[in-house]
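*Asks:* As they're listed, the protein sequences go chains A and B. Count the first sequence with our numbering and you get residues 1 to 113, in order. Count the second sequence with our numbering and you get residues 1 to 112, in order.
Calculated from the structure, these hints are not laboratory results. Among the hints, a few may not be true.
As the list claims (entries may be wrong) - Pulled a few chain A residues facing chain B out of the computed Cβ check, cut under 8 Å:
{"hint": "1", "residue": "M45"}
{"hint": "2", "residue": "R50"}
{"hint": "3", "residue": "G97"}
{"hint": "4", "residue": "G106"}
The C-beta atom is built at its ideal place from N, Cα and C for all residues, glycine as well.
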Amino acid sequence: AQTVTQSQPEMSVQEAETVTLSCTYDTSESDYYLFWYKQPPSRQMILVIRQEAYKQQNATENRFSVNFQKAAKSFSLKISDSQLGDAAMYFCAYGGGADGLTFGKGTHLIIQP
Amino acid sequence: NAGVTQTPKFQVLKTGQSMTLQCAQDMNHEYMSWYRQDPGMGLRLIHYSVGAGITDQGEVPNGYNVSRSTTEDFPLRLLSAAPSQTSVYFCASRRRFQETQYFGPGTRLLVL
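Model the full structure from these sequences, guided by the hints.
*Replies:* Pasting the structure below:
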């Protein structure tokens, strides 16, 4: 079974600074997908960024980028120029087949004004 | 497109009662899933479906039933509610297994 580990229960960053959220995963598959989801207090799950394991290039979406290290099974999320609206729970998730996603326990991101 | 919709938004049940959580999507997605989210935990997969008439168990299926008679709908049934089923429930859908999942707004369930 796949597992996803987020080792930082909570992170705090000053507004406009850069923060990196960590995620490691365990799988024996070679073809899979990795995701970062944001969950604000409204509880809505919002896709932040996605990475296909077969792609060597790291995914980027505006201020959000990932550092995907396939051999190390590491998938960290970097948020640049942090904004107050970035405050939320962030979940790393693994998707490898027809069933659903496997989620980590989440990192609570606090943005200090 | 309404996307993925869930009803009700909030429900209180007594132990032993049954109920159905509704989920519908209007994106013609083949794959649908149910998750539960407990405090301090990520989402955990309850059941999933890869198409009408096809369902399978996820990580935490005990106490829940599902069926998929149409592409659009994927209801989750609690047969005899227990306090351990107090949670937030999310329904999600995607077009193919390798594509992004889209989530509904969630249903908060309290079992007394």
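*Asks:* Restraint: G97 of chain A near chain B, CB-CB cut 8 Å. Satisfied or not?
*Replies:* G97 of chain A check passes; min Cβ-Cβ to chain B is 6 Å, inside 8 Å.
*Asks:* Min Cβ distance, G106 of chain A to chain B: is it shorter than 8 Å?
*Replies:* holds, 6 Å
*Asks:* Take the shortest C-beta to C-beta distance between M45 of chain A and chain B; is it under 8 Å?
*Replies:* This interface hint holds because 4 Å falls under the 8 Å limit.
*Asks:* Holds or violated: is the Cβ of R50 of chain A closer than 8 Å to a Cβ in chain B?
*Replies:* holds, 6 Å
Violated hints are absent here; each numbered hint is respected by the structure.
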